[in-house]
Structures are given as C-alpha cells and as structure tokens.
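A.B. asks: Here's the letter readout for the chains.
Number of protein chains: 2
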Amino acid sequence: MRHNHYDEQTFFDQYAQMSRSQEGLSGAGEWWQLKPLLPSLEGKRVLDLGCGYGWHCKYAADQGAKEVLGLDLSEKMIAEARRRNAHPVITYQVGALEQYDYPEGRWDCVVSNLTLHYIADLEGIYRQIRRTLTPDGVFIFNIEHPVFTAGVGQDWAYGEDGKPLYWPVDDYFLPGERKTHFLGSEVIKQHHTLTQILMGLLDAGFALEAVVEARPSEEMVPLMPDELRRPMMFLVRARVK
Amino acid sequence: MRHNHYDEQTFFDQYAQMSRSQEGLSGAGEWWQLKPLLPSLEGKRVLDLGCGYGWHCKYAADQGAKEVLGLDLSEKMIAEARRRNAHPVITYQVGALEQYDYPEGRWDCVVSNLTLHYIADLEGIYRQIRRTLTPDGVFIFNIEHPVFTAGVGQDWAYGEDGKPLYWPVDDYFLPGERKTHFLGSEVIKQHHTLTQILMGLLDAGFALEAVVEARPSEEMVPLMPDELRRPMMFLVRARVK
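These protein sequences, in sequence, are chains A and B. Every number in our numbering is 51 more than the matching position in the first sequence, counting from 1. Every number in our numbering is 51 more than the matching position in the second sequence, counting from 1.
Here chain A stands alone, though its shape is the one from the complex:
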C-alpha cells in the first residue's frame, strides 16, 4: 500500500489551513480554468479520483449529477468529505486509485484533481478510466505540470536577497519518484513527462479536447506574480474516442 501523507496528522492539519480547504472550489487557484472544462453534469454519473474534502463531488451533485462516487486513499479526507460535503447522491469511499475495479462503461464523467502526480503507472490508470467510461464519456483532470514535478526540489532557486531567481528544471526525461517537501512533510510524487501525460491518453483511446496550463486569473496576478514565472498545474479534458 502506498504511503499516504494525507493521513499524517501534521500534514492533514496543515492542509486544513489552505484556502482550497477552507473556502472550497472558490479558494482553489485552478478552479476558474477547471470549471469551464466540465461538461453538463445534469443526470450524469460522476467518479472523482482523489476526491479529498469532496468539493468537486458536491459541485457535481449540485449540478444535477444522479450518482457520484468520491474515492480517496485517506481516511481522514473521506471523513472530512462526509462531514463537509455530504449529499444523497454522493458516496464517499476510502481506497487507492490503483485498487478500484473500474467497472466497464459505468461512469459518464471521471474527474481527478491534483492526484495523478501521486500515481506511478499513469498509463495503467488511463486504461482503467477509459474502460469505466461510457462511449461518449469525458475525463477531466488537473495534474502537477511536468515543469513543476521536474523542478529541482520542486522549489525555486533563490538569490542572495532571498527572492526567487528562476525555476530550476533537471532530469526531465527520468520520470518517476521525486521526494519533495510540502506542508512540512516529506511527500513523494511521481514526475511524468508531457509525452507520458498526453501520448498516454491518445494511446489509451482518448481524444484530447482541451489542454490548459493553470495560471492565476488577472485579478490574482498582483497577489502572486511569481506564478507567472513557471507553470504549476496542467488541466486536460479528454473524451472517449
């Protein structure tokens, strides 16, 4: 079983302080770009891989989805989702993405926000997702950007004045484990190249409908100017072909 940082108390408590935890979708920097990628969810079946606090599940339910399954490896996260974002059509379930059974043609829409960069076998998961989607099904995800995951220590290089000099990239074509520090804990992520992220989808039988790098909205730029200096997240909408 993969180690799950989100069940460490320190990490969990720190995560609870993030604006995406306190404010939900409106506090998530990428939501303004992710939301328009979602199809109409009215009457749809939605699977959320790595649902965390369940904000996207709740959004789907509020949009009229008829059934939503939120899956997350972390018991603490699932407990939090049940507490904060319960809804009659939503089921929250503790489990690893790699261990879910992905029944054939079961879901109209699969969503995964900031989870796939913890998955080593991206191609394997893609194939499973392809299989569990209905013939016209849509897969929308947000993964950490390869420029970010290939960042040296996933941090800036700093000048003597303590300010970010630039974003250092290395070992780009050596995908796999990256040990990083996030919210005071050591966190292991998986670096995937852009080729793996996109060709993997094409090879699994998806058509690419949108490929968007997350960046701050115009009103947020003055608050986080450094976020224009390197990409951090990568949003994709793919459809069963």
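There could be a bad hint or two in this list.
[Said to hold, decoys possible] Computed footprint of chain B on chain A, listed as stretches where at least three residues anywhere in the stretch have a Cβ under 8 Å from a Cβ of chain B:
1) 212-219
2) 236-249
3) 259-266
[Said to hold, decoys possible] Which residues of chain A face chain B? A few of them, derived with a C-beta cut under 8 Å, are:
4) Y223
5) L225
6) R280
7) R281
[Said to hold, decoys possible] Away from chain B, derived, C-beta distances all over 12 Å, residues of chain A:
8) D58
9) S91
10) E93
11) E118
12) R135
13) H138
14) T142
15) T185
16) E228
17) P273
Quick caveat, the hints were computed from the structure, so don't treat them as lab data. Virtual Cβ for every residue (Gly too), placed ideally from N, Cα, C.
Assemble chain B onto chain A, guided by the hints.
C.D. replies: Only chain B this time, still in chain A's reference frame:
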C-alpha cells in the same frame, strides 16, 4: 519584414557546420522521432514551411510525393536547397511563412521543422495551415519546447566547475520575444506556452494525433547525457477535424 538570421554570412557558415546540415536527416537528433509521425506521402502534395536545406522536401519526393513546395525566408537557404536537394517534383521558394497565401484545400500534408518558434502569431499561422490542408490533411511540426524557449538566456545555469547545474525557467506565462545567442549570432525567437501550442491547434480545428518531446535515442544518450535533463523540442502530429 522579419529580420532573417539565416542570411547573415557568419550564421549561415556556422549553420553549415552542424551535423543536420552536413548529414541531412540522419544528422538531425529529432529525426528518429519525427519520421514515424509522417503519413505515407505516396502521391501526396506536401508543403514544407521553413524548409532550410530542403532535406524534408527531398525525403517527401523520395517517398513518392507528387508535388512539394519548400518555403523559406532565407535566400541563402533556398539556394542551398536547390543545390543539394533538387528534384523534379520540388519547388523551392523564398518567402515568409506569414506571407504565403495558403490556397484553400491545396496540400495533403504540411511539415514544419524548427521554424514555428520564430513566428509570433502562431494561431494565425495555424488557421492558414488548416485552410490550405485537404479535408483529411495532416500537419506535422517540430517546435522548440516551451521549457527551452522559456529558459533564462536559453542556456543552462552553470556551477563553479563549468558544468550545467540545471535548466533555469522564468517568465513562462509571458510569451513573446526572447533574445538568444545561437551559432555566434543574436537570434530572436518567440516563446509560446504549451497551452498556446496545443489549444491553438484544437481551436483552429485540428485533432491531436501525437505529442512527443524529442529526446536522444538510446544509442545517442551516452554522447549527450545532458539532453535527458531538459526537453528541447516538441513534435506534434495534428489532423484536420
């Protein structure tokens, strides 16, 4: 008229020393990945945007293309193409990509190798290419990778021992002009984000068929290990939708 480095004598002479100039396609590091992206060219009409010495035009002719047009801004390059890679079905023509008239439904295949990172209005060119392609036409290109064009000075950061420390990225979301040094000259390139490169294609009415980052082949890795440390080029096959 855009300034054309390739017509400066110094730059031209230096370019002539590169293995891609001396050996043609087999001397181009990306050819082993670009070649499999090309469709059958037997009986096809092929347009090469930024044909340089004409290697790809000659390849298309040798594969049975019935008509090939090689376009390049540089008079010197076109003279060289006519000298080295003449063929009865090939026409070489001096001209800017932005000024070609892109007749509707005129070409079955458009190829562009290492030229689009000199183009400021990528979306505009995409629309023109879409228009000049036949209904099932294919557009294959190789553009410098956004990680490369957003590189600080498009060079490594070096350690005290003079070896590359890492590849520094900055101002990623500020696309446009980048002044760089290449083959002893100052060369102006255009940085485009990945979103611009790929969403631009989708928005122009293309389906993405392949998205591949160039990397050294297994036998070349020992000769150029640093090329695994950051991506330099980005290959795409797109088809009219």
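A.B. asks: So, for every hint listed, does it hold in this structure?
C.D. replies: Here is how each hint holds up against the structure:
1. 212-219: Check passed, 4 qualifying residues.
2. 236-249: holds (count 4)
3. 259-266: Since 7 is at least three, the answer is holds.
4. Y223: 5 Å, holds
5. L225: Holds, about 6 Å.
6. R280: Holds, because the Cβ-Cβ distance from R280(A) to chain B comes to roughly 5 Å (cut-off 8 Å).
7. R281: Constraint on R281(A) satisfied, holds at 5 Å.
8. D58: 33 Å, holds
9. S91: At about 20 Å from chain B, S91(A) clears the 12 Å cut-off, so the statement holds.
10. E93: Consistent with the label, E93(A) stays out of reach of chain B, its closest Cβ about 25 Å off (over 12 Å).
11. E118: Correct as stated: the minimum Cβ-Cβ distance to chain B is 30 Å, above 12 Å.
12. R135: 32 Å, holds
13. H138: Per Cβ check, H138(A) is outside 12 Å of chain B; nearest 33 Å; holds.
14. T142: 34 Å, holds
15. T185: 21 Å, holds
16. E228: Given a closest Cβ separation of 16 Å, the condition holds.
17. P273: The claim holds: P273(A) sits with its nearest Cβ about 14 Å from chain B, beyond 12 Å.
Of the numbered hints given earlier, the model fails none.
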